[in-house]
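J.: Below are the chains, spelled out letter by letter.
2 protein chains.
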Amino acid sequence: MPESPIRKLSPFAEAAKRAGKKVYHLNIGQPDIETPEGMLNAVKNIDFKVWAYTESEGTHPYRNKLATYYNKHGYNISADDIIVTTGGSEAISITFMTCLDAGDEVIVPEPFYANYNGFANQSDIVVVPIMSHISNGFALPPISDFEKVITGKTRAVFICSPNNPTGYLYSKEEMEALKALVLKHDLFLFADEAYREFCYDGQTFVSPMHLDGLEENVVIIDTLSKRYSACGARLGCIITRNKEVWHNALKFAQARLSAGMVEQLAGEAAVDTPNEYFEKVHAEYSHRRDLVVSALNKMTDVYCPNPGGAFYVMARLPIDNSDKFCRWMLEDFSYQNQTVMMAPATGFYTTPSAGLNEVRIAYVINENELRQAMICLEEGLRAYPGRV
Amino acid sequence: MPESPIRKLSPFAEAAKRAGKKVYHLNIGQPDIETPEGMLNAVKNIDFKVWAYTESEGTHPYRNKLATYYNKHGYNISADDIIVTTGGSEAISITFMTCLDAGDEVIVPEPFYANYNGFANQSDIVVVPIMSHISNGFALPPISDFEKVITGKTRAVFICSPNNPTGYLYSKEEMEALKALVLKHDLFLFADEAYREFCYDGQTFVSPMHLDGLEENVVIIDTLSKRYSACGARLGCIITRNKEVWHNALKFAQARLSAGMVEQLAGEAAVDTPNEYFEKVHAEYSHRRDLVVSALNKMTDVYCPNPGGAFYVMARLPIDNSDKFCRWMLEDFSYQNQTVMMAPATGFYTTPSAGLNEVRIAYVINENELRQAMICLEEGLRAYPGRV
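Order-wise, the sequence lines are chains A and B.
Those letters in the first sequence? Residues 1 to 388, per this note's numbering, in order.
Those letters in the second sequence? Residues 1 to 388, per this note's numbering, in order.
If you are wondering where the hints come from, they were derived from the structure by calculation, not from laboratory data.
Ideal Cβ placement from N, Cα and C applies to all residues, glycine included.
Be careful, since some hints might not be right.
Derived CB-CB ranges, DEER-like [claimed, not checked]:
no., chain 1, residue 1, chain 2, residue 2, range
1, A, Phe48, B, His60, 26 to 34 Å
2, B, Ile46, A, His247, 14 to 22 Å
3, A, His247, B, Asn297, 24 to 32 Å
Here are the simulated BS3-like cross-link-like pairs (lysine-lysine), alpha carbons at most 30 Å apart as the crow flies [claimed, not checked]:
no., chain 1, residue 1, chain 2, residue 2
4, A, Lys251, B, Lys179
5, A, Lys21, A, Lys298
6, B, Lys179, B, Lys153
7, A, Lys44, B, Lys153
8, B, Lys148, A, Lys65
9, A, Lys8, B, Lys179
10, B, Lys243, A, Lys243
11, A, Lys251, A, Lys179
12, A, Lys251, B, Lys251
13, A, Lys49, B, Lys280
14, B, Lys148, B, Lys184
15, A, Lys172, A, Lys243
16, A, Lys8, A, Lys243
17, A, Lys251, A, Lys72
18, A, Lys153, B, Lys153
19, B, Lys184, B, Lys243
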């Protein structure tokens, strides 16, 4: 099991803090946004006496509520198409175990969320990366690139839109191209939609659930973590209209008994979160994105595409090695006793030496801190001995 | 992935209820005992604004609290020996993935908790059963039986004491015999201690953590589910003084990010549960056990050993097939419009046709209902066409 690349820098961040430096955490997807009051009140207002197991597939009331949420988004599903999971993490691992055997292959456009590797590893599944590029903002690679790597072992294509780590939002045309691909080769299409609610500039989110004819192919992976800034609730789900997949996934869900009971009560309340909450959060993230993208592109020899969603950007920096640079920022650099922690992009690629001059920046801190962090980064780039 | 054997009967129980029968649920380990007020109050009194990830190994305050709990039980550990997990289920799966590779073997006295099979399956680990017998109350099988099945692929022995499904409590002598075995063959010793607090008749619980010289071998698997009747909290942990195991387990914990935040706050409160709570629960379970064991042994041709712990008994019944019998009780039988749901013991054995005349009974309902359930069972045994 490889170490989580996002965690590798943690000891250096701890040391920097012990040395009295202020560290701006742009390295992880833990937003500062407040969790909706309705969810927290649901926790505070529990009135049971026995904290019991729930049904392995999730409680009926919660799955019913979820179905209304998804149908508002045009998914046309019922509660019986949902299995509630312990976070998006478990949704991914159950999906892998259900749909792929040891040695089977899943194609994933890279860069991709590093923990996909961890879950694939656990089930001896092979992740086959397809390169996407910063030069076109990490758009879907040409379908011909997918075709080239399809083998008799290929079982699925795995996408994430809006994307972590790139923020890229797949267009309707790109989704249609993927549909044709998976139908042609009879593959599953796994879609991680953790960032569904975060699309900017009036762009429309397109889910494979919006496309006809994919009923047997699609497995949606979802989580409350980002949508409601409730990462610590560890509540997600799998959605599929493929009944065989659903029933097989249930067996894995039964082995671990159930997801959390209190969280599912909070999840019911979450579906009733007023629109104003999302409007406010949306405006905040959109504003932060503009700030970060603009600040980065003003720095000498830095390039940052303007992504359509999520709360991440990938930036190309004039550096020799992003692992070294991010560590140097924590260990050896400070500006007015502050520094910035970022995620080296190398951790999001499996192709060797890809991402060496890229970092992922999560805009999960407030505007004033973001401004300070951008100044720090610019000063850091000026001072870095490995600048190229 | 095989279906969870405990769930196979659920559709028949549902049908029985729809037909208006009262079903006594003696089939699952979901107690009716109330969760300690302190835990529930910790949930009601949350005062954070962002429901955030915690450290992957668990929060410092919670692990510190846990260490005080275990040290009160003589474990001599620190917070750094603990990794907090999403229930005992995840503790088992992470332990398997950390200590065994695909094809490796773990020896488990059978009958054993059926989901061990599920988790082994997920990692292509081979469970090698060693038969224990109802005739001696499911005591530890002779060490020579373990020796016979040890191969170059054997990596671990996995025990559960007090045992699910048998209730058997391993003695100091049995634990010492296991110690000698694992040291001789350089094996891990995994111990599922979910029922640690439930030992009756003044018998003493012995953990492998109480034995010197096993520091590198032992991994303890624990959960709050049974101890505090908090199954739906999904909070457990791994304890090991083997630093390599701890660090490798942490990588799996990091891949899934963290256990629940609210649960860990409740877990801190749980450690402060007053002794009176346990005394009351202990007296209740002990009383129920006496009632069930006595009622069963009074039935014609029924035998039930008197187990030292947990809240299960295994009973030998005069029946042809426990799967058929348990299903028949739900589908075709009622006494005063009531019936009983039990777990066929076949699900706890991997050896074919073992457990055909045994059932597991969980005494997780109140005394009056238990009495009614025992009457129903006796009447059912009289009427069952497959009686032998």
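J.: Each hint should be assessed against the structure and marked as holding or not.
T.: For each hint, the structure was consulted:
1. Phe48(A) to His60(B): 26 to 34 Å: The hint (26 to 34 Å, Cβ to Cβ) holds, given that Phe48(A) and His60(B) are roughly 29 Å apart.
2. Ile46(B) to His247(A): 14 to 22 Å: With a Cβ separation near 36 Å, Ile46(B) and His247(A) fall outside 14 to 22 Å, so the hint is violated.
3. His247(A) to Asn297(B): 24 to 32 Å: 41 Å, violated
4. Lys251(A) to Lys179(B): 35 Å, violated
5. Lys21(A) to Lys298(A): Holds, at roughly 26 Å.
6. Lys179(B) to Lys153(B): Judged against 30 Å, a Cα distance of about 19 Å means the pair holds.
7. Lys44(A) to Lys153(B): 50 Å, violated
8. Lys148(B) to Lys65(A): At roughly 54 Å apart (the allowed maximum being 30 Å), Lys65(A) and Lys148(B) break the hint.
9. Lys8(A) to Lys179(B): Violated. Lys8(A) to Lys179(B) sits at ~37 Å, over the 30 Å cutoff.
10. Lys243(B) to Lys243(A): Outside the cut-off at roughly 43 Å; violated.
11. Lys251(A) to Lys179(A): Between Lys251(A) and Lys179(A) the Cα gap is close to 28 Å, so the pair holds against 30 Å.
12. Lys251(A) to Lys251(B): The given pair, whose Cα atoms are some 25 Å apart, holds under the 30 Å limit.
13. Lys49(A) to Lys280(B): Roughly 16 Å between the alpha carbons, so the hint for Lys49(A) and Lys280(B) holds.
14. Lys148(B) to Lys184(B): 14 Å, holds
15. Lys172(A) to Lys243(A): 26 Å, holds
16. Lys8(A) to Lys243(A): 40 Å, violated
17. Lys251(A) to Lys72(A): 29 Å, holds
18. Lys153(A) to Lys153(B): 28 Å, holds
19. Lys184(B) to Lys243(B): 21 Å, holds
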